[in-house]
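Q: Read off the chains here:
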Amino acid sequence: DVQMTQSPSSLSTSVGDSVTITCQASQDITNYLNWYQQKPGEPPKLLIYDASNLETGVPSRFSASGSGTGFSFTISNLQPEDIATYYCQQYDTLPLTFGGGTKVDIK
Amino acid sequence: QMQLMQSGPEVKKPGTSVKVSCKSSDFTFTDSALHWVRQAPGPRLEWLGWIVVGSGYTESAQKFQGRVTLTRDLSTGTAYMELSSLQSDDTAVYYCAAGGARRFRTFESWGQGTLVIVSS
Numbered sequence: 003d004v005q006m007t008q009s010p011s012s013l014s015t016s017v018g019d020s021v022t023i024t025c026q027a028s029q030d031i032t033n034y035l036n037w038y039q040q041k042p043g044e045p046p047k048l049l050i051y052d053a054s055n056l057e058t059g060v061p062s063r064f065s066a067s068g069s070g071t072g073f074s075f076t077i078s079n080l081q082p083e084d085i086a087t088y089y090c091q092q093y094d095t096l097p098l099t100f101g102g103g104t105k106v107d108i109k
Numbered sequence: 640q641m642q643l644m645q646s647g648p649e650v651k652k653p654g655t656s657v658k659v660s661c662k663s664s665d666f667t668f669t670d671s672a673l674h675w676v677r678q679a680p681g682p683r684l685e686w687l688g689w690i691v692v693g694s695g696y697t698e699s700a701q702k703f704q705g706r707v708t709l710t711r712d713l714s715t716g717t718a719y720m721e722l723s724s725l726q727s728d729d730t731a732v733y734y735c736a737a738g739g740a741r742r743f744r745t746f747e748s749w750g751q752g753t754l755v756i757v758s759s
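Those protein sequences? They're chains A and B, same order as listed.
So the first sequence is residues 3 to 109, counted in my numbering.
So the second sequence is residues 640 to 759, counted in my numbering.
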């Protein structure tokens, strides 16, 4: 199985700041990586697909990059509604696997 | 995005089975792949398996092989996940998630989740 190591597991920041989350794959997954946002009591929501493409309707303050084994996800100008847990997910190889999640909250 | 509606919460005894349904009213249902993902308190997400709705082809994670059965009913636009030999560590929220025709392995749309509690 492809192991996805996501860091940090949690972070606390201020409105207007930028935050960056990283995701490391245990093997080369080219660009077969997605990012999701999950708010409490809700299912995850797709934000980024194919490592760097913004899903339709997702604000442009969300961005991501990377290929191979190293990936990053950035929220610029953090807004209160961005408080959530974020997950990476690889789809290069079955079984599909997720990172452990990064919980983002406001100081 | 496809709308997916799941069945209600379940409480089950250890050793029994649970069957969760996921209904779509979207005409693109037959062009999609339907995945099952669970989330135990933790909050790690775990993929159980998928069914390619049009063909009925299924594949499950090795961890669940022999215990999970994925089916679909094209006439009602409903997919099902049955998990047998339940144990307490199967307690989780179970989600169905759909990938569209060009993104089979991407979870574009999600059901609201079904809480399954396994307790004696």
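FYI, nobody ran anything at the bench for these hints, they're computed from the structure.
You may find that some hints are simply not true.
Stated by the list, open to error - Residues from chain A shown here face chain B by an in silico Cβ test under 10 Å; the list is partial:
hint: 1; residue: D19
hint: 2; residue: S54
hint: 3; residue: L56
hint: 4; residue: D94
Unchecked claim - Selected chain B positions facing chain A (in silico; Cβ < 7 Å):
hint: 5; residue: R683
hint: 6; residue: W686
hint: 7; residue: W749
hint: 8; residue: G752
Said to hold, decoys possible - Derived DEER-like restraints, expressed as beta-carbon distance ranges:
hint: 9; chain 1: B; residue 1: Q704; chain 2: A; residue 2: K109; range: 43 to 51 Å
hint: 10; chain 1: A; residue 1: Q81; chain 2: B; residue 2: L713; range: 40 to 48 Å
hint: 11; chain 1: B; residue 1: D728; chain 2: A; residue 2: Q5; range: 15 to 23 Å
hint: 12; chain 1: B; residue 1: S664; chain 2: A; residue 2: K41; range: 20 to 28 Å
hint: 13; chain 1: A; residue 1: L96; chain 2: B; residue 2: G739; range: 16 to 24 Å
hint: 14; chain 1: A; residue 1: S20; chain 2: B; residue 2: S656; range: 45 to 53 Å
hint: 15; chain 1: A; residue 1: I85; chain 2: B; residue 2: L713; range: 37 to 45 Å
hint: 16; chain 1: B; residue 1: Q751; chain 2: A; residue 2: Q26; range: 40 to 48 Å
Quantities reported herein were computed from a predicted structural model and do not represent experimental measurements.
Virtual Cβ for every residue (Gly too), placed ideally from N, Cα, C.
Q: None of the hints should be skipped; say for each whether it holds.
A: The hints, checked one at a time:
no.	hint	verdict
1	D19	violated (23 Å)
2	S54	violated (14 Å)
3	L56	violated (13 Å)
4	D94	holds (9 Å)
5	R683	holds (6 Å)
6	W686	holds (4 Å)
7	W749	holds (4 Å)
8	G752	holds (6 Å)
9	B/Q704 to A/K109: 43 to 51 Å	holds (45 Å)
10	A/Q81 to B/L713: 40 to 48 Å	holds (42 Å)
11	B/D728 to A/Q5: 15 to 23 Å	holds (20 Å)
12	B/S664 to A/K41: 20 to 28 Å	holds (24 Å)
13	A/L96 to B/G739: 16 to 24 Å	holds (18 Å)
14	A/S20 to B/S656: 45 to 53 Å	holds (47 Å)
15	A/I85 to B/L713: 37 to 45 Å	holds (40 Å)
16	B/Q751 to A/Q26: 40 to 48 Å	violated (31 Å)
Figure legend: structure checked against the earlier numbered hints; hints not met, in rising order: 1, 2, 3, 16.
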